[in-house]
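Undergrad: Sequence:
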Amino acid sequence: MIEIVDVLVVDDERINIRLIEGILKDQDINLVSASSGFEALKYLPDHDFAFALLDVMMPGMDGFELAERLRQSETSRDIPIIFITAISKEQKHVFRGYELGAVDYLFKPVEPEVLRGKANIFAELHRHKRSLVETTKRLEVTVKELEESKAALLESEQRYRMVADYNYDWESWIDPDGKLLYISPACERISGYDRASFFDDSELMQRIVHRDDLSRWMLFMTDDTVGDDESLDFRINDVNAKVKWLSLVKHSIYADDGKPLGIRFSMRDITSRKRMEGLLKHSALHDTLTGLPNRVLFLDRLSRAAGRSSLSGELFAVLFINLDRFQAVNDNYGHTVGDKLMVHIGVKLQQIVRSIDTVARFGGDEFGILIEEISRKTEIRALVKKIHESFKESVVVDGIIFTISACIGYEIASDSNIESEEIVHNAQVAMKKAKASGKNRIVPYTKSMREGIINILAVENDLKRGLEAREFEAYYQPIVNLADGSLYGFETLARWRHPERGMVSPGEFIPVAEETGLIVKLGSQILEKACVVMNRWRNKYPIARELTMAVNISAKQFDESSLASNVESILRESGLPPECLKLEITETVVMLDALKSVNQLKLLKNLGILLSIDDFGTGYSSMSYLQKFPTDQLKIDLSFVQRMESSPENIEIIRAIVNMAHSLRLRVVAEGIETERQRDLLYSLQCDYGQGYLYSRPLPEDKAEKFVRDSE
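Count the sequence shown with this note's numbering and you get residues 363 to 1074, in order.
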């Protein structure tokens, strides 16, 4: 019968202790848990612990101080210590842990397989140590035999530290001269090569590193300025030529007298994580339905084309294509047929243009085409005509014959100084001119079309007047818990009740407000209204005290240095507790300048409010940046939700987003839920909350208050 051994677990968060208990419940181990260092010290006299799992960051007495106290006691100084920490925030403390006698580190989120492996090894070594101690006590031997027994005990102690290298990650140790001293068995699982191969062939590791990463890897390995808290992500080719991603961290090892003993390398297989990030990156630059480049990638390629044009003197052109009456297809035949037709059109456009040209989908029924390296305008006009005439060909989808026409606006450019957005805008203005003239038209951009700018100025002046008159209202769309349908909170949306025109579409005034900077004042007014209303509801309805009010922050608002102080002032004047307010910033905005965004988000977080990354999946946030952002929630962009029922790929994208968010302890909200099927799919993917027309459209204040009242 296997002897049960005691293991000490210290963590101030009970949920972490329960997690470890669940992982080790069948391991012949008795877990003794403590929620603080002071409580842990009380258990020492009554237990012979095989090892201790200590959380680093704890109030009162942190993990490092507890480790020092354990080392000071005669009965506990030999207990092996494994620190549990979050690598993104506490890596700099790793070396300090080893100085205090730690045998290893576990990084959050704890991987069950790794923890069980370490626990079994240390438990078995403890049983072996106990056996040696008991044997020593029983035997009446000579002084020589007692000395041999002490040596065996010492050897057992030394084995603890060697076992620390025998874990789930690929560990290796080289001496100061570069000679390989140790390599863990994990190298066989990850690379496919056995340990002997690395000892027999000193250049094997260098040969299996991916050639595109070799120079970076060699610099990292040989650069003495690379600190112990730095890491390198690189690729290898395993024994079967399969590419794998590894994350490498190195630690310098020194003797007690300061003499260098070599360097220890830890390599973790991050292939799955890289695959997930690649999927998110692709979705951020490509249309989820057609797979074509989206507007972001199109603008990037356009900018590069303009640069090449300035050197070569050749022309380039942008086409803006809008399909005529495409909404009728969706209305009469459903979105599934409409989506298939849209994919077919995208493929056809790609077949017409050259390989150096770019076809993109801007969303809805709009496409963009970038034509490059053209010497004469007549060639561009001929290609535009060819594209336009291609729409005359009938298309068969699910046995239905469609004849689709389109309006095309385009601009021919050779000036590299013009902004990419302006070129696209000009082509769009020309397309709208074609649309206004009827269906199936081609219109080139002309300077006379700048009259549209005058309209923008008119809207801007009207906006200024409306802001002064406080004509803008806050509407509230409910957000519900997908598990039980209970009310979780609201998202606040701006609406304009014009004294002459009635309700003005946000699509008309929001772009102008953003372009002119008036969005800052508009956003501030909406934030004030939302905070005042939410606090009033809290005072009237008990259920409202558990709700959150989400308010969108625009790019220009987020760029304001005074944003945090303005939010603090609004909270103070409205009386709303900070934890009831949630600010939503789009992923694209926070990634424009990620380092600056971290500082701005920290200032906002210090107010005690909640933060959410909105429209997640439409930009590209790496795992490392998401860990640095002090956010509480991700909101999945509605484009992914709306394609769930017809696209398995969108389901996998949402699954990846939810899993990644939960691994970072973030909640997930899905927007744009319109059907019960979408709701059920999101719930099955463990999405936390949702909003959309299935539950409610955005509501004026009185109807939103009724929604709160009816939810009690």
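Because the hints were derived from the structure by calculation, they are not lab data. Remember, it's a predicted structure, so these values are computed and weren't measured experimentally. Cβ coordinates follow ideal geometry from the N, Cα and C atoms, glycine included. Keep in mind that the hints are not guaranteed to be accurate.
[Claimed, not checked] Derived DEER-like restraints, expressed as beta-carbon distance ranges: (1) T437 / K604: 35 to 41 Å; (2) G479 / H1024: 42 to 48 Å; (3) K541 / R663: 48 to 54 Å; (4) G479 / S931: 50 to 56 Å.
Undergrad: A separate judgement is required for each hint: does it hold in the structure or not?
TA: Verification of the hints:
1. T437 / K604: 35 to 41 Å: 50 Å, violated
2. G479 / H1024: 42 to 48 Å: 24 Å, violated
3. K541 / R663: 48 to 54 Å: Holds, at about 50 Å.
4. G479 / S931: 50 to 56 Å: Check passed, 53 Å falls within 50 to 56 Å.
The structure fails hints 1, 2 (numbered hints given earlier, in ascending order).
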